[in-house]
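A.B. asks: As a plain string of letters, each chain reads:
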Amino acid sequence: MRVAWVIAGKELRQRLRDRSAFFIAFVAPTLLAAIISGAFGGGFGPTFTNIHARVAIADEDHSQVSKAFASVLTSPQLRGLITLRTSGSAANVRDLVRTNKASAGYIVPSGFQNAVTSGARADVVVVGRADDGFEASIAQAVATSFTEQVQASRLSVFAAIRSGASLKNVSTLAADAARERIPVQLADAGLATRKVTGADYFGPGMAMFFLFFIVSTGARSLFAEREQGTLPRILAAPAPKSAIILGKAAAIFVLGLVSMTTVFVSMHVLFGVHWGDPLAIAILTVLVVLALMSLTALVQTLAKTEEQAAAYGSVVGIVLALAGGNFFPLFQMPVFLQKLSALTPNGWALRGFTDIAYDGAKAANLLPNFAAIAAFVLICGSIAAVRARRIAVA
Amino acid sequence: MRSPRSWRSVLEMTRGETVEPVLQASGLRKRYGDLTAVDGVSLQIAAGETYGLLGPNGAGKTTTVSMICGLLDANEGSVTVAGNAMTGSGVKAKLLIGYVPQEVALYLDLSAEENLRFFARLYGIKGADLTSRVSRILELVELTDRKDERVGHFSGGMKRRLNIGAGIIHDPKLLVLDEPTVGVDPQSRNAILEGIEALAASGVAVLYTTHYMEEAERLCDRVGIIDAGKIIAEGTRRDLVDKVGQLDRVEIGAKGELETFVLAAKEVDGVQDAATSEGGVHLLVREGRRRLARLLEVAMESSLDVSSVEVIEPDLEAVFLHLTGKALRD
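Protein chains in written order, with this note's numbering: chain A, 1 to 394; chain B, 1 to 330.
If you're looking for bench data, these hints aren't it; they were derived computationally from the structure.
Just to be clear, a hint being listed does not mean it is correct.
Stated by the list, open to error - Stretches of chain A that chain B covers, calculated by requiring three or more beta carbons in the stretch to come under 8 Å of a beta carbon on chain B:
| no. | stretch |
| --- | --- |
| 1 | 12 to 23 |
| 2 | 221 to 230 |
| 3 | 237 to 243 |
Claimed, not checked - Sample of chain A residues with no beta-carbon within 12 Å of chain B, all distances over it, derived:
| no. | residue |
| --- | --- |
| 4 | 75 |
| 5 | 81 |
| 6 | 84 |
| 7 | 91 |
| 8 | 98 |
| 9 | 141 |
| 10 | 146 |
| 11 | 265 |
| 12 | 279 |
| 13 | 303 |
| 14 | 330 |
| 15 | 338 |
| 16 | 340 |
| 17 | 362 |
| 18 | 364 |
| 19 | 375 |
All values reported here derive from a predicted model rather than from experimental measurement.
Just so you know, even glycine gets a beta-carbon here, dropped at the ideal spot from N, CA and C.
Generate coordinates for the entire structure from the input sequences, incorporating the hints supplied.
C.D. replies: Next up, the structure:
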């Protein structure tokens, strides 16, 4: 144990003296998180205060119902969320969306009102761009809300007639039904209640991304020791091989923790991010550092040279960062990627961090996250420990 | 680097009596698949003795050293250092060994003092003792004034000196040096050799591997010639020369009746051959120094005007060539 501490002390001294390592551990994650957060204007999530959709509409029906839909879009409730632009044709709407002059578009087809009143299928076409998820989703949600309202009104009238109401009063019934709102409103349904901002998502996201490099650099130091001849000298000293691995791991662990903590503190100071329950944050941070250490250790044991170790480490780091949501918010990712992220420790950690920051989750609420990451640590760490013996001797 | 006398005075401050032999290696064997890198090597070194393991590159020197230092597990054989077996983690044995690898095994991004402190701490040295030893070694390798500089800024010779300093900071009983002068300039090499001589004089057992014959001849009390993983001859230089029956060369610079002298010299006991050469005569003689007085008498009787006499004893290079049929540096 004494030797492990000696080696850990030496490692930390070397890492802190290395300006590039210092940059990767402390400056880069904070800087990148700040830039990405800034790119999202302080928020990117499904909150109406941060998103404004520019919507185009082509009314090919020119009916009372289609005009009612347009009036919904310009209603006071949606004025802060949607800017409506009227267009002459469906093709024009598609063109506006394609050229990014509108973030989404509606096409109310000819015969829409007739379909509504006759009980036939009535569709409002929503046009969105694949790379503009939130704003297209908002447009979709508004259209859905409207058509649901129409459907509810239609069912109300139908139910009234079947109950014996006079057909002469159909228009009055329809107007009354239309004034009634279905219980679930746009602002409450389909979109999250929590406020997601860039800073508090990308803070831990970037910290973890750079953690890959910190851990990878530390793990590669074993190769460096061998290549510069210091590993045989250490092994010739009364130092158990396990102490060498333990010492290096301890240094990486300390550096990883300090790096993550630096990002948390700087994001709090710079962006006023409130991270939430400190205990939950601490447990999650420790676990994610251990997880990335064990994963990187495993990857390094597959390498035969320092160059290979660097290449493997970079590839694994970037793939996991992409799959785990470090670059793109998990809830914006396609469903299969969201499922894929459940296989990554950083994915679990990010979910945990966002749950703590946005939903006020406590440590007790994050037991599944803790368990998933701990299992990852155990599996990767055990395999790496077995394989590491071979490396230390080689 | 300090003179041998200075090294000795510094080292004697901490060294006590040593029980012999310090190193006992028996039947060491190391195989890599079908290749037997070391094949039954045995050697022992007493306190204060310098043992040279002489052989060409690839002969098995570094593998032997690695097994002795506990870096490699031997397939067969045993190693004990001052009675402590190099088995398992070999902690007790390792505490007594100072290992100086072939490469400069230092951290270039740390200072000279930081390097020494680190390697000393690996041996459990701490507190005031640590500070004292680091100062002593810095003084020994003449780097006190540059102790705070990063090693990466040092010259090759300075790195080599510090490399040895790191190997002796814990006062080992056995110092193992694996070709420590490879790529070193002549001045630094001389300083390093002086330092090793001083360490041996202070009672340290030294195992020195080299393929430089002249280093082995200068430093080593005994030499083991290793080739293809086996020690093929062992002993003092004289033992080895005698073992292979090599003759001394006697070169006499002279003018006069050279042919007359050659004929007379061939009658002298021990002279195997004699011939004139440019500016004199050269002779092949068994135990040349012992026959020198008689040869000079014959020269005077032959009315030679002798200007110089040189006895050239056969070297280890010649012994190696005789034993293996190839040059040491092939």
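A.B. asks: Would you say residue 364 of chain A is clear of chain B, with no C-beta pair closer than or equal to 12 Å?
C.D. replies: holds, 43 Å
A.B. asks: Would you check whether the claim that residue 375 of chain A is not at the interface survives, using Cβ distances to chain B and the 12 Å cut-off?
C.D. replies: Residue 375 of chain A is indeed farther than 12 Å from all Cβ atoms of chain B, at 32 Å.
A.B. asks: Are all C-beta atoms of chain B more than 12 Å from that of residue 330 of chain A?
C.D. replies: holds, 40 Å
A.B. asks: Using Cβ atoms and 12 Å as the threshold, tell me whether residue 265 of chain A really stays out of contact range of chain B.
C.D. replies: holds, 28 Å
A.B. asks: Report holds if the minimum CB distance from residue 338 of chain A to chain B is greater than 12 Å, and violated otherwise.
C.D. replies: Fine: 43 Å to the nearest Cβ keeps residue 338 of chain A off the interface.
A.B. asks: Taking 8 Å as the Cβ threshold, is the statement that the stretch 12 to 23 of chain A is covered by chain B upheld or broken by the three-residue rule?
C.D. replies: That given contact holds, which follows from 4 residues of the stretch 12 to 23 of chain A lying within Cβ reach (below 8 Å) of chain B.
A.B. asks: May I ask you to check that residue 146 of chain A keeps its beta-carbon over 12 Å from the closest beta-carbon of chain B?
C.D. replies: Fine: 67 Å to the nearest Cβ keeps residue 146 of chain A off the interface.
A.B. asks: Quick one: work out the minimum CB distance from residue 279 of chain A to chain B and report holds if it exceeds 12 Å, violated otherwise.
C.D. replies: holds, 36 Å
A.B. asks: With a cut-off of 8 Å between beta carbons, are at least three residues of the stretch 221 to 230 of chain A near chain B?
C.D. replies: holds (count 3)
A.B. asks: In terms of beta carbon proximity below 8 Å, does the stretch 237 to 243 of chain A have 3 or more residues touching chain B?
C.D. replies: holds (count 4)
A.B. asks: Beyond 12 Å from chain B, beta-carbon-wise, is residue 303 of chain A?
C.D. replies: Holds, since 21 Å exceeds 12 Å.
A.B. asks: Is residue 91 of chain A truly not at the interface, in the sense that its beta carbon sits beyond 12 Å from all beta carbons of chain B?
C.D. replies: Check passes; 66 Å lies beyond 12 Å.
Violated hints for the displayed structure: none, as all numbered hints are satisfied.
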